[in-house]
Amino acid sequence: MFPMNPFQKIYIGLAFLPTIIIFHLGQLTLVDGLYRYPEVSCMPHFDSVYGNPTASCWFDSQTKFNCRKTSCKSFDHPDRPFGKLAFSGCVHDGVPKNGVVHPRNYHHYPSGDGKWLPGKFGYVAAFDSSTQLWYNCPYTASKDNTDNYLCTDCWM
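Residue numbers are given in my numbering: position 52 of the sequence shown equals residue 52, and the series is strictly consecutive.
Check before you lean on any hint, since a few could be wrong.
[Stated by the list, open to error] With a straight-line Cα cutoff of 27 Å, these simulated DSS-like cross-link-like pairs (lysine-lysine) come out:
1) K115 - K64
2) K84 - K97
3) K84 - K64
4) K97 - K120
5) K97 - K115
6) K84 - K73
7) K69 - K143
Calculated directly from the structure, the hints in this document are not laboratory data.
Starting from the given sequences, assemble the full structure and let the hints guide the process.
Below, the structure is given as structure tokens:
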């Protein structure tokens, strides 16, 4: 009986595996043949194209979702819908931006990227909708520069 005890623990763990899978799938909804996710935080990346109603929301460096832009809002300021995210203290080629950047696309670099602000605090690279330029916005310039979109109508 003693040699079987370690195997018994494995079998008990395997017995819970289907339950875990079922609970995970319970968070998804199958609509029109696509699994819909109730809520996705678009950190570290968000990519959108002007005129397209959907955007690419990156949950991590490997997981990309398609989301309706109208379902996206600021994570830190839920009253700000898509297009109203605001980064400040930003620079383009060393020239400071007057006012705020309302990004259409952004890429967060929490530890820097080795090229801009190497070895320092993180920043967000943001494509400004009005100027059509990329700006680097250091996290140290404003707490809002760490903000990202949270979208509620997403699928893979």
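Against the structure, the hints come out as follows:
{"no.": "1", "hint": "K115 - K64", "result": "holds, 25 Å"}
{"no.": "2", "hint": "K84 - K97", "result": "holds, 17 Å"}
{"no.": "3", "hint": "K84 - K64", "result": "holds, 22 Å"}
{"no.": "4", "hint": "K97 - K120", "result": "holds, 21 Å"}
{"no.": "5", "hint": "K97 - K115", "result": "holds, 20 Å"}
{"no.": "6", "hint": "K84 - K73", "result": "holds, 8 Å"}
{"no.": "7", "hint": "K69 - K143", "result": "holds, 23 Å"}
In terms of the numbered hints stated before, the structure departs from none.
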